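J.: Which chain is which? The protein sequence lines are C and G, in order.
One gets our numbering by counting positions in the first sequence from 1 and adding 253 to each.
One gets our numbering by counting positions in the second sequence from 1 and adding 1133 to each.
Just so you know, these hints were derived from the structure itself, not from any lab.
Please note: incorrect hints may appear among the correct ones.
What the hints assert, rightly or not - Computed footprint of chain C on chain G; a stretch qualifies when at least three of its residues, placed anywhere within it, have a C-beta under 8 Å from a C-beta of chain C:
#: 1; stretch: 1251-1260
#: 2; stretch: 1352-1364
#: 3; stretch: 1433-1444
Since the model is a prediction, treat every value here as computed from it, not as a measurement.
Cβ atoms here follow ideal geometry from the backbone N, Cα and C, with glycine treated the same way.
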Amino acid sequence: MTEFLFFLEVVLAGLLAGTMYSLVALGFVLIYKASSTFNFAQGAMVFFAVLSFVGFMELGLPFTVAFIVTILLMVAVGYATQRLVIQPLMNESEDTVLMATIGLGFVLEGLAQAAWGVEVRRLDLGIGDFPIQWIVDNTGLFISALDLTAGLVAAFLIIGLALIFRYTKMGLGLRAVADDPGAASSIGIPLSSIMLMVWSAAGVVALVAGMMWGARAGVQFALVDLALKALPVLIIGGFSSIPGAIVGGLIIGATEKVLEVYIGPYFGGGIEGWAPFVLAIFFLLWRPEGLFGEKIIRRV
Amino acid sequence: MNYTKSDMMNLIVLLGIGFAVVPFVVQTDYWYSSILIPWLCLSLAAIGQQIVMGYAGQLALGAAGFMAAGAFALFNLELRLPFLGFPVNLMLSGLIAAAFGILFGLPSLRVRGIYLMVATLASQFFIIWMIDKFGWFKNYDTSGIITAQDIVIFGKPFTSPLEMYFVVLVVVVVMTCLAINMARGSTGRNWMAVRDLDVAAESMGISLLRTKLQAFAISAFFCGVAGALFAFTYLKSMEPVAFDIKLSFRILFMVILGGLGTINGAFIGAAFILLFPVVLNTLGNEFFHGMIDATIISSIELVVFGILIILFMIYEPLGMAKLWENLKLRFSSRKTTPAIKTSPETNVS
Chain C
254 MTEFLFFLEV
264 VLAGLLAGTM
274 YSLVALGFVL
284 IYKASSTFNF
294 AQGAMVFFAV
304 LSFVGFMELG
314 LPFTVAFIVT
324 ILLMVAVGYA
334 TQRLVIQPLM
344 NESEDTVLMA
354 TIGLGFVLEG
364 LAQAAWGVEV
374 RRLDLGIGDF
384 PIQWIVDNTG
394 LFISALDLTA
404 GLVAAFLIIG
414 LALIFRYTKM
424 GLGLRAVADD
434 PGAASSIGIP
444 LSSIMLMVWS
454 AAGVVALVAG
464 MMWGARAGVQ
474 FALVDLALKA
484 LPVLIIGGFS
494 SIPGAIVGGL
504 IIGATEKVLE
514 VYIGPYFGGG
524 IEGWAPFVLA
534 IFFLLWRPEG
544 LFGEKIIRRV
Chain G
1134 MNYTKSDMMN
1144 LIVLLGIGFA
1154 VVPFVVQTDY
1164 WYSSILIPWL
1174 CLSLAAIGQQ
1184 IVMGYAGQLA
1194 LGAAGFMAAG
1204 AFALFNLELR
1214 LPFLGFPVNL
1224 MLSGLIAAAF
1234 GILFGLPSLR
1244 VRGIYLMVAT
1254 LASQFFIIWM
1264 IDKFGWFKNY
1274 DTSGIITAQD
1284 IVIFGKPFTS
1294 PLEMYFVVLV
1304 VVVVMTCLAI
1314 NMARGSTGRN
1324 WMAVRDLDVA
1334 AESMGISLLR
1344 TKLQAFAISA
1354 FFCGVAGALF
1364 AFTYLKSMEP
1374 VAFDIKLSFR
1384 ILFMVILGGL
1394 GTINGAFIGA
1404 AFILLFPVVL
1414 NTLGNEFFHG
1424 MIDATIISSI
1434 ELVVFGILII
1444 LFMIYEPLGM
1454 AKLWENLKLR
1464 FSSRKTTPAI
1474 KTSPETNVS
């Protein structure tokens, strides 16, 4: 029975870790959904957001104020990105915009480093990375409180965003812009306001994701590489699907943990470095658009 | 052969500079070991990236992984089959890297764009992990520091920076000529057809499978040889971490900033990416006398890189190679432009 319990623990830990990936992936999805652009700078945005947040707190601002100031900062970043990077490249190929977002990522990393320095910082959200006693007593499972909180936050965000996209006028406008910017613009949907909103939303999501990851692993440069981990999540879930982000994250998280724990010891560990990507490859061969993504139809 | 007379002139001039002028003018070892040798090695890798991305249009991000494959292949070949000789082993290590290239290039037959990029990232992470975890590749070394063997060709050791520079120069010159030849020939045209619109290419009878895999294989070959040279002449030690994803990104930028679709671009981009941090550092020290600490300088480096990439994408997507071409045109003796002008996309200088 303990074998099964252990397996369950591993799977649950993996699922919850997966929601952390989903949080990062969510930022990508938001931008891709609205503009079919892959924002390579999302990882850098996560890093920039949470580092600024911690930096503001260090400067003396209380938690909530720092949170709001950072949100405003991310909105500003979104605005600058929209005006200076995205708009000039409106008619260029996908690949060109992709490269530009890589450049943007570098700019954000550099600015974050220059403004706040390179030391690793602790982020205390008041929730420890300890197993919840109540659950341990009742089921014998060790589940970290932090992981659980991250899972709940991710669930909230995703449900909230999905609802916004489905049922509000703004969400409808966003989907229209994603489908055909020219047509949307011609019926009066304000393109730049929509894009500003999207990039700001991605920035806020980045902040939340960064806070969760920062609380767990410390606020450090390695956060940027997190973005790379989110890529397999997006492949499996679909680049343009919000529920896909969480499903993809869950799958990746669980598979990664299970493989690492059960197969890892034979190879000395490190499987989680490449297993998500190989999994993504198999997914690509089977269903390139992901579980929930839109089928890619190329017209020539 | 697809060479014109001016090509021959260019080649002779460059060879002259490389083999005769530089050794005469450049005396300090520092220039060879820290600037010229890495520049040549990384340019070769950049050519590899150029082939798969600039010419064939496949968004691939695993160059450093293939470099690592080539480097460790050479290490093991020199260790276990030294009788084959360095030149043969170098080519074999390139072929081994090419095999990996074909394997991890298979997804390109199904997906493209960002999806392909993710698939190629798998090659980057997997190859490094494999080399790290299976002790056989590192000869079960426990010290963690594995030194590359000395380069010995036909009995003559090439160990000083100047001698290693010559070895690298010869390899790079030969392989660059090969690359230019391929790019200008039907191979290159097939690649560019696939890049521009693979559906049309296929309908013309170009086999996508052959063309794409060929691009991946040749690209990995170049990266493999580059990596082997990089490890044996520059790093002098075999560490998988030297070939991490950051190196892949650097090579990507060399190709982007240098100019997609030109061989020139690989060299210009490599020179820029290599020299820029050095220049920045020197400037920082000269003008501010160490008042600015290293982290600020590296931050500025990142910011300037990023801004440059963005600016190039907005104003000159064809990179520095195009800027160079424009500059040359401005100062050229021809007052009238020729009647038939090759479009920038097919510029293969």
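J.: Now tell me, hint by hint, if it's right for this structure.
T.: How the hints compare with the structure:
1. Counting residues of the stretch 1251-1260 of chain G whose C-beta sits closer than 8 Å to any C-beta of chain C gives 6, which meets the bar of three, so the coverage hint holds.
2. Only residues whose C-beta sits within less than 8 Å of a C-beta in chain C count toward coverage, and the stretch 1352-1364 of chain G has 0 of them, not enough to reach three; the restraint is violated.
3. Counting residues of the stretch 1433-1444 of chain G whose CB lies closer than 8 Å to any CB of chain C gives 11, so the stated coverage by that chain holds, three being the minimum.
Hint check: a violation occurs at hint 2 only; the rest are consistent with the structure.
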